[in-house]
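> Quick note, the sequences are listed as chains A and B, same order.
If you read the first sequence in UniProt numbering, its first letter stands for residue 1, the second for the next number, and so on.
If you read the second sequence in UniProt numbering, its first letter stands for residue 1, the second for the next number, and so on.
Please keep in mind that the hints were generated in silico from the structure rather than gathered at the bench.
Every value quoted in this text rests on a predicted model; they were computed, and no experiment measured them.
We put the CB at the ideal spot given by N, CA and C, even for glycine.
Among the hints, erroneous ones may be present.
What the hints assert, rightly or not - Among the chain B residues that face chain A by a calculated CB cut under 8 Å, a handful are:
hint : residue
1    : Gly58
2    : Thr60
3    : Ile62
4    : Ala76
5    : Ile83
6    : His89
7    : His97
8    : Asp131
9    : Tyr149
10   : Pro218
11   : Gly221
12   : Arg224
13   : Ile286
Protein chains: 2
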Amino acid sequence: MGVSLKDVAQRAGVSVKTVSNVVNDYPHVTPAMRARVQQAIDELGYRPNLTARHLRKGRTGIIALAVPELGNPYFAELASAVIDAAARHHYTVLLDHTAGMREKEMLVCQGFQTHVIDGLILSPIELENQDLHGRTDTSPLVLLGEREYDAPYDHIAIDNVAAARSAVRHLIAIGRQRIAFLGARAESARQPAHLRLRGWREELSAAGLPHDDSLVAPTDGYGRADGAQAMATLLDRGVRPDAVFAYNDLQAIGAMRVLGERGLRVPQDVAVVGFDDIEESRFGAITLTTVAPDKQAIARQAVNCVISRLTDSAEAEPRRLRPGHDLVVRESTLGRHQ
Amino acid sequence: MGVSLKDVAQRAGVSVKTVSNVVNDYPHVTPAMRARVQQAIDELGYRPNLTARHLRKGRTGIIALAVPELGNPYFAELASAVIDAAARHHYTVLLDHTAGMREKEMLVCQGFQTHVIDGLILSPIELENQDLHGRTDTSPLVLLGEREYDAPYDHIAIDNVAAARSAVRHLIAIGRQRIAFLGARAESARQPAHLRLRGWREELSAAGLPHDDSLVAPTDGYGRADGAQAMATLLDRGVRPDAVFAYNDLQAIGAMRVLGERGLRVPQDVAVVGFDDIEESRFGAITLTTVAPDKQAIARQAVNCVISRLTDSAEAEPRRLRPGHDLVVRESTLGRHQ
Chain A
1 MGVSLKDVAQ
11 RAGVSVKTVS
21 NVVNDYPHVT
31 PAMRARVQQA
41 IDELGYRPNL
51 TARHLRKGRT
61 GIIALAVPEL
71 GNPYFAELAS
81 AVIDAAARHH
91 YTVLLDHTAG
101 MREKEMLVCQ
111 GFQTHVIDGL
121 ILSPIELENQ
131 DLHGRTDTSP
141 LVLLGEREYD
151 APYDHIAIDN
161 VAAARSAVRH
171 LIAIGRQRIA
181 FLGARAESAR
191 QPAHLRLRGW
201 REELSAAGLP
211 HDDSLVAPTD
221 GYGRADGAQA
231 MATLLDRGVR
241 PDAVFAYNDL
251 QAIGAMRVLG
261 ERGLRVPQDV
271 AVVGFDDIEE
281 SRFGAITLTT
291 VAPDKQAIAR
301 QAVNCVISRL
311 TDSAEAEPRR
321 LRPGHDLVVR
331 ESTLGRHQ
Chain B
1 MGVSLKDVAQ
11 RAGVSVKTVS
21 NVVNDYPHVT
31 PAMRARVQQA
41 IDELGYRPNL
51 TARHLRKGRT
61 GIIALAVPEL
71 GNPYFAELAS
81 AVIDAAARHH
91 YTVLLDHTAG
101 MREKEMLVCQ
111 GFQTHVIDGL
121 ILSPIELENQ
131 DLHGRTDTSP
141 LVLLGEREYD
151 APYDHIAIDN
161 VAAARSAVRH
171 LIAIGRQRIA
181 FLGARAESAR
191 QPAHLRLRGW
201 REELSAAGLP
211 HDDSLVAPTD
221 GYGRADGAQA
231 MATLLDRGVR
241 PDAVFAYNDL
251 QAIGAMRVLG
261 ERGLRVPQDV
271 AVVGFDDIEE
281 SRFGAITLTT
291 VAPDKQAIAR
301 QAVNCVISRL
311 TDSAEAEPRR
321 LRPGHDLVVR
331 ESTLGRHQ
């Protein structure tokens, strides 16, 4: 027979009610009491019946997370962090990827598995304001990422303009003047790169450098092959940057591959900065300088937003949260430490 | 108002029953008829009510997938493939990661979110035979990966011994004789690398080469840092292989980073082969030769197994399926094409 609340209460020398308060994450339990009960829980191997607990509250204990692609390590790392953050609140995560397609994003947003989901965290690429305004599903929705919306939903994103400016500022500080931007889409209302592109422009202007649009290389997608192709196209056009700021690490890695193939040295001939700080960036032949968004904070805030909408703040004003970011400087701009 | 079955039937010029047969994936519909109905569905933007359809059959339309870690691109790529394969059968995927911990694997296996899950696909690391035999949950369970079990569940894995042998054979063919194996665990009953290690030994024997156990480098985990550390330890011990066969691509990539730091050239001084064919392997400064498991086939077979257990073959004998694999030869063994 399993361990009961009563067993835990006896072991901890407290009332069953106190154990219940701890297990259910209710407030008004002192940290000392919480630790004492937790110790008894751990010693006895007590497992609360989470399903029953969620069902009592009319919930399933499942949060959906929809990202553009799991094949992109940034989203895989973010998904890992969300799964862990959700687990700390006894939630599990239903994960889906949208391939960045508007139709799939709308489908997810309009009511993806509504019978089993308490809330949704969505990282959209193509979704429009009107799609969000047309949403009829009433479960909590939290938006992640660079797109800006005028819609009544919580939105979590780092300050992409400031982050891009810090990357460009670093390149200028090491003496670079012809800094290419890799990974813009063709200009449109749906320019996912617009904030990072704005940061690139603003920082060049602040330094008194021209922003030469021939240095902006559009890509069709967000992968290594897209970065490689954009870099090759730039070089084939005779454009010769002394630095590259890429929309993300994958594109930067693809670009570095092409620079190597063309006999250009990183960073001596071309310094490279990426964005995302995926683990891969730390282990290449040339480690990558990159903007590191605080993925743990993004995940934690996203889960907290969903849960607080489910509990005490369903009607609160939509929040705009800004997790932090760092510039992590590595060999692709500073060279290898000899 | 939405598009109905009747609208589709009128557009396609067929009966409502025929449209229903197509939408529900029933057999006995000719490909031509299926195409005709599908065209009408696409033109009208008809969306079948999948939830209702699953619920009519007493199902939720959700398959759980539990992998050791999403941060490992192999599992992220596999998860993508499973999500896509499931979507083709109108299933969505509840994804969880177990961190390769036995307790988490047991929890998942014993009845993870049973109220919302039709079946489970699990890639275990530490799970034991006895854990599987003790399983009381009756929903279909499909096992993935290298561990071998004597348990009544479908199991899908490539032929790891043959795959490892092909990697070692290639290294011998290019003249290497001191081939290190990176990524074994300390010897134990739970040696996840045992089949690849066996392939390494068998192929060396077949070539009349000794298998020098000082060339086997154990690691604590499966990541880039583990491969880097194992490579550094080997070199620090004065062991000087002319080739490395790594348990996976991540470890191979970590090892290549250390070889570069020590001034050893890949492949001239040390040739390197990995395992998994993650996309990262195609874009490093030195592209990686690797064993490529057919991830699409693994995903498709896993989803098919779950679904067929739910429908017509609940009582069939457990299956052992062997998806294919290839050796993909790149610069880390053949050098760069000049």
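> When the hints from earlier in the document are held up against this structure, which numbers fail?
1, 6, 8, 9, 10, 11
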